[in-house]
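Now for the letters of each chain:
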Amino acid sequence: MNPAILALEDGTVFEGRAFGALTERSGEVVFNTSLTGYQEIFTDPSYAGQIVVLTYPQIGNYGANDGDMESARPFIEGLAVRDFSPIVSSWRSDQAADAFLKLYNIPIIDSIDTRKLVRHLRTRGVMRGVLSSISTDVKGLIEKARNIPSMAGLDLATRVSTSNLYTWDSPVEPCSPSERVRGAGSGAHHVVAYDFGIKRNILRRLVTSGCRVTVVPSGATAEDVLSLNPDGVFLSNGPGDPEPLEAQAAEVRKLIGKKPVFGICLGHQILGLAMGGKTYKLKFGHRGGNHPVLNRKTNKVEITAQNHGFAVDPDSISEHVAEITHVNLNDQTVEGLRHKSEPVFCVQYHPEAAPGPHDSLYLFDDFMALMQEHRQ
Amino acid sequence: MPRRNDIHRVLIIGSGPIIIGQACEFDYSGTQACKALKADGFEVVLVNSNPATIMTDPELADQTYVEPLSVPYLTEIIKKERPDALLSTVGGQTGLNLSVALAEAGVLDEYDVELIGAKIDSIKKAEDRLLFKDAMRKIGLETPTSQLITDMKAGFAFADRVGYPMILRPSFTMGGSGGGIAYNAEDLEEILARGLDLSPVGEVLIEESVLGWKEYEMEVMRDLADNAIIICSIENFDPMGVHTGDSITVAPAQTLSDREYQMMRDASLACLREIGVDTGGSNVQFAINPKDGRMVVVEMNPRVSRSSALASKATGFPIAKIAAKLAVGYRLDEIKNDITRLTPACFEPTIDYVVTKIPRWQFEKFPGADPTLGTQMKSVGEVMSIGRTFKQSLAKAIRSLETGKSATKEEALDEALIPAKLITPTAERLNYILFAFERGWTVEQVFELTNIDPWFLRQVNEGIELNRSLQAETLESIGAAAMREAKRCGVSDVSMARFWNADPLAVRAKRKELGVTAVFNRVDTCAAEFESFTPYLYSSYESECEAEPTDRKKVMILGAGPNRIGQGIEFDYCCCHASFALQEFDHESIMVNCNPETVSTDYDTSDRLYFEPLTLEEVLNIYDTEKPDGVVVQFGGQTPLNLALPLQRAGVPIIGTDPKNIDLAEDRRLFGKLLEDLQIPCPPNGTATSVEEACEVAGRLGYPVLVRPSYVLGGRAMTIAYDEDTVRRYMREAVVFSQDRPVLVDRFLEDAMEVDVDCLSDGENVLIAGIMEHIEEAGIHSGDSSCVLPPFGIGAKELQTIQEYSVRMARALNVIGLMNVQFAIKEGNVYVIEVNPRASRTVPFVAKATGVPLPKIAVGLMLGKKLTDFAHMTQGKTSGVLDVPQFFVKSPVFPFNKFHGVDPVLGPEMRSTGEVMGVGENFGEAFAKAQLSAGSPLPEAGTVFISVSDRHKSEAIEVARRFAELGYKLAATRGTASMIKAAGLECLTVFKVNEGRPNAVDLLKAGKLKLAIYTTTGVHSFSDEKAIRRAAIQYRVPCITTMSAARAAVQAAASRRRDPIRVWSLQQIHKGIAAGR
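Chains R and W supply the protein sequences, listed in that same order.
Here our numbering is used: position 371 in the first sequence is 371, and no number is missing along the way.
Here our numbering is used: position 780 in the second sequence is 1156, and no number is missing along the way.
Just so you know, the hints here were simulated from the structure itself, not pulled from any lab data.
Examples of chain R residues lying across from chain W (beta carbon under 7 Å, computed):
| id | residue |
| --- | --- |
| 1 | 35 |
| 2 | 62 |
| 3 | 116 |
| 4 | 177 |
| 5 | 290 |
| 6 | 355 |
Heads up, the beta-carbon is just placed ideally off N, CA and C, and yes, glycines get one too.
Given the sequences, and given the hints that come with them, work out the whole structure.
Structure, rendered in structure tokens:
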């Protein structure tokens, strides 16, 4: 078994065993507290530029399969776990998680004290790191970690976005004979979805809810979008800092008032910027499947899937422009916004789940209703 | 939707005595509920017949009733207390069923009591199999094909349609009582007949088999605002077919992808909403076909359950406490998470460790019982362990079981038996899986025979492979990396010592030398995402210790481990009270235990909680980290006592009675010498370390003799031998003995009266807390005997002698804390049978009867205080005997209905799982209530069947006469009947089983006999006697097997006719004592 090293910019080093690819990768080290759904995490483009630590210690147990792909390939830079399982037990599995990551040249460090690492990140904040299964030069690795560009100010969304426009027509498929999934909708609404690193399950959910979806690159202008004659515009999730996406925010600003707009995660932050707000970096972000969010309208709590390192500053949003519709009950951060006068709303968390709970699927129906309303 | 202010007084119904399927997890849930509601300003009225519970402590509720859990008694309590609401969901199936019964009897309406927690409709929908299936179908969830059967014919017709095997579940029974798997028509006949009989509504659900499917449980909570969350998912190691209470289970689920997990989550929430559980916790069980992921709902419990206790301990989320708060109106997001303090309870815990639960069985106590595990739960307790990985967790759980160090012979594993032992689940299956891998079986081979998920099997196999590589090392050769890897996988020092033929302490020393030491991680509900303010800890071999010990004065309490017969909730009661007392005496309390069902493993019972196996290695690890000023070993039963001397040798300060003196009381030679010096008589006795020596000693003492191993609790492997053959067989087959641990041989005092004494001693003064008169004579294990406070059949002179002897022994042993003595009185002579300088099983009973908090005072004494410091709590007394103002009877509860084919006759080996208490103005009333609570109510009228051995015949006539005077009819077997008739009483003569028909068994089955009094000579138990006792158990006819109990029954029967239904709260009784009544 090859050794692997995870070196952080502050000089902290974890030594473990290597799985996955024998290589060296670097990125911002972040942790996710979900108990299930590692493959969706690997393949979520929002993790671009990040080495992911999973807090649940037993990872790899159910392998990897085609149905759980959230994009065409994994986007994480590396994976850090306590106990990686090279063997698989699941009727859904197509291959071992190890082989899957190896295929995309992604290294895994296993057998490290992930709890210590998480406590470290929690108290010091997320930081840069290098995961290497080819070098044992600890000093050199720390030095490399210090030289990685910081996530703040980095436009990763453009990097992971599609370069060409395409249409998406696959709905959510049941994962077992017992899963009851609504059949695909009528396709009555045409949605243009900005791809800032979009997860497939958002696209599947849109189709299941009744949309025809055209996916456009992150550089698409408002005119490009409007020329497609959509009933609504969707702003996707994606990696990195929203601040550098000024151009995208400016285009979105032009769309407000013209078409119903729905944003998720990075899309929410871009809408925040477009509505005159500011964003800021969270100390260690929200990544997991158990975050309680209060919907102020229904006064009910939704358990949500989250994956973000930045948030919209509530004080920066004028109450005349937008209202805060959803709040995170753990730390009172903004989780949802709705424009005061125009058909525009967005959430910071992931109603499409994958991985995570399905409590907030109603937002897709809300989007349909909004498009229906504005069509007439 | 905050706290409801329209209700003020809440009634909570507990779950009654500890029985298989309903154990101390409901003490945990009830205690949490009481604490939560009281802290919030509600008045709590609690009813539970079980005096050993922490919840029935007078401090936990405003009014505490230790009264029978039946509609008439509850009605009386409701009439007296007029509660506004009844919380139905924290008292197990008993509490739920009784709530339904009270509602259906119109009592709740009459007295305007609102049912909170779960409503009647929801309870019915969840509990009634057909309604449940309809409800599930409505929300698109599958259930196994099934049919509700009310007669045998329909059962066979269904079998023809669906085919075998089939699962049978009687409606409205707990712990799957009476259920089973029918593989053929013969099985169906037997199980269906039994199930129809046991179901209170005469219904059995027969179901398509999903044997071998993966089994899961989801713990769910919901508030009145419809916020619903999953607390924990649990995956069973054992696939479908084994009752979940008998399954090894793992949290969280290990082999589900997120899609499958979310499907199950959605289904759980839909189920909760459809059933209509408005508030509180529920659990939903699922089966998943491992081949294609098809999911069926197996069942749901609309209440806090055994799994809720496990889930609470596994995640740090206090389900019962939150359930109680939700029931009185709070929303989940209005309640804070105790552990993180800053975040709300409305979230789903995430964990960064693996939790394993393993049940603890005791088939060895029930020879003849079917050891197969099926749909009816048979385990008596469980352990839980926490590890950073499944391997570590499983290894710790196996150690926590404390098997393998018993004094009795265990069957050696037999390679030829591997296939059979893997195919048919029994208590031994895990051992055989380990054994199979040791013998080179592959994961595939084991999977084929067990259907246990290959992921689990692979992990187990890797553990065995690791052991193999360790065996290639030696104590000298092992390196730091290999040592760390071994410890991270959970290998114990003891195992390595065995591999290397070394002393475990040498392994420990070597390990420390290599820099491999245990650290402690926190259970924090959030995988370290937020700071934890609660020191709820488990050990690991990670790189960072989060224990953060304080520099306060502190004492560590060693708990009792898994519930076992003879070592149960009574000891948890003592440990919890020790912890409360320490906090009151300004000491930090540190609890160590591994039983998830208990109050002691609740994170807010003690200042600090270590959820760890009670082994020398693990306790020393905690000691090294905490450096407590003292360790308490006398409250947790035999488990901590077994550790006392090794701990003391390792330099750990044990407080209270010196472990050497505790040990001395067990050492027959030293103790015999002490008694001789003190001039206290004991039955003639000796010790033996060989078969021949045992026969020689027995011959010298004269038969009958009582033979038993040293250092056991609960009379394990204790036998009364009437001849040398029995002694020989016993020595050869039943016990393990050595020079250190000889077999004890005592002359058995036939027909003696047995007495239990609990006392407090500070080394100078000795205060007798209670002198308990046993209702069954000597020879019946004290835990299986009913007993009464105050004694009423013991002469003043003997009482005086008992006191004097007790004081003398406490002083001689320099007892600091509690001591228990068992005496026998025969022909006016008082003999000491046994002394235990530690908390006994009867401590909670005595504490509740006297109103004196015995464990608390004992802890004070252990900290150096004197009895004079506590005089204000002890009726002003520092010597003599505490007063009791009424009669209190403690009666045992037996699990014979779970073990078909077992002879329910009582003997020196303890077999009861729980106990109840009856309170009365007179003995008869107290005994009648205790019998009612114990589930064998004495009949108000009808025929009493009497069959006694010759030496009991004259006494039997007196008993018969009294019954006849009370208007009962009499029936007896030929010999007894002729005696009764000769005494001028009317009596029906009944055939013995082998004499013809209809015989006694036929009449029992036909319901013609309402009470059976049946004694034997004790030499042999004949098959017809056994048949009568079995039939009595099966048809729920109270069966009395001793004459003293028969006399007690007469008094109870008289009370039932004479005394009205009346109830007293403990607070009321204790106030009476304080007022000098």
